[in-house]
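The chain contents come next:
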Amino acid sequence: DAKTTQPNSMESNEEEPVHLPCNHSTISGTDYIHWYRQLPSQGPEYVIHGLTSNVNNRMASLAIAEDRKSSTLILHRATLRDAAVYYCILRGGADGLTFGKGTHLIIQP
Amino acid sequence: DSGVTQTPKHLITATGQRVTLRCSPRSGDLSVYWYQQSLDQGLQFLIQYYNGEERAKGNILERFSAQQFPDLHSELNLSSLELGDSALYFCASSAQGYPNTEAFFGQGTRLTVV
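Chains U and S, in that order, are what the protein sequence lines are.
Sequential numbering of the first sequence, starting at 1, is according to the numbering used here.
Sequential numbering of the second sequence, starting at 1001, is according to the numbering used here.
Heads up, a few of these hints could be off.
Not everything, but these chain S residues come out facing chain U in the computed CB check (under 8 Å) [as the list claims (entries may be wrong)]:
1. Glu-1053
2. Ala-1056
3. Gly-1058
4. Phe-1064
5. Phe-1090
6. Ala-1095
7. Gly-1106
Hints were generated in silico from the structure; no laboratory data involved.
Just so it is clear, CB atoms sit at the ideal spot from N, CA and C, and this is done for glycine as well.
Just chain U, same shape as in the assembly (with noise of 0.2 Å):
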C-alpha cells in the first residue's frame, strides 16, 4: 500500500469543525482511501473510506482532491471525545492495513 503523510498533532476547540489533511501522492487508481482512529486505551475505529468522490457519514466527511493526492477528514462539529489519533490508510488489496503514525488530534474544551 502507498505511503500517506499526515502531520504529527493538531489541536481544535470543542464545538468547531475539525480539518485533519493526508497527503498520498504515490496513490494509485484502485487504492480507497480510509480513515481510522484510536481513542486512548481503545481499538482502533473506522471512520470513512472513499475512492473519488466526497464521501460523508454520521461521523465524519471525506474531501478528495480531484487528483487524488491528498485528502480532508472532516468533523464538523468537534467534541471533547473527537480527542484521538486519526490514520489516514491507503489501500490497494485485501492485506492488513498498514497503520502509519497518525495525528494526535487535541480538542480543548
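Following the hints, position chain S against chain U.
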C-alpha cells in the same frame, strides 16, 4: 461495541512461556486480521486469515503463529516469549476482505511479559 470479542483482556506471563490469544469476529465476517501495537513500533499488521485459510502475512515473527477455525474464530499463539513481545494485540474482522470494506477492531489483549 464493534462486535469483535477478544479474550483475555490482560495477560501477564514470564519470558520463555507460550500464550494463546483468542478472537471471535463479527457475525458473518470471513476475514480476521491480527495486529500488534507497541510503544516504539506503532500498529503493525501480523497476519490475515480468510475463511480458514491464511491470506496475507505481515511482520509476524516465526515464534508466532495463528489459525482460523471452521466457526471462524481465530487464535494467535505466541511462544518463547521475550520482554519485547509485551504489547497490545488487536484482532479485526471484515466481511469479505476487499479494499473497500471496513475493518472492525476488538478491544485488544494487553500482554505483559516479565
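Item to complete: Report holds or violated for the interface hint on Phe-1090 (chain S), using the least CB-CB distance to chain U and a cut-off of 8 Å.
Response: It holds, given that the least Cβ distance between Phe-1090 (chain S) and chain U is near 5 Å, below 8 Å.
Fill in: Interface hint for Phe-1064 (chain S), Cβ within 8 Å of any Cβ on chain U
violated (14 Å)
Worksheet item: Against chain U, is Ala-1056 (chain S) within 8 Å by beta-carbon distance?
Response: Check passed: Cβ of Ala-1056 (chain S) comes within 4 Å of chain U, closer than 8 Å.
Worksheet item: Was the hint right that Gly-1058 (chain S) lines chain U, CB cutoff 8 Å?
Response: Holds, because the Cβ-Cβ distance from Gly-1058 (chain S) to chain U comes to roughly 5 Å (cut-off 8 Å).
Fill in: Residue hint Glu-1053 (chain S), partner chain U, criterion CB-CB below 8 Å
Since the shortest Cβ distance to chain U is 12 Å, the answer is violated.
Practice prompt. Hold the hint about Gly-1106 (chain S) up to the distance rule: shortest CB distance to chain U must be less than 8 Å.
Written response: holds (6 Å)
Worksheet item: At a threshold of 8 Å, is the proposed contact between Ala-1095 (chain S) and chain U supported by beta-carbon distances?
Response: Check failed: Cβ of Ala-1095 (chain S) comes no nearer than 11 Å to chain U, outside 8 Å.
Of the numbered hints listed earlier, those contradicted by the structure are 1, 4 and 6.
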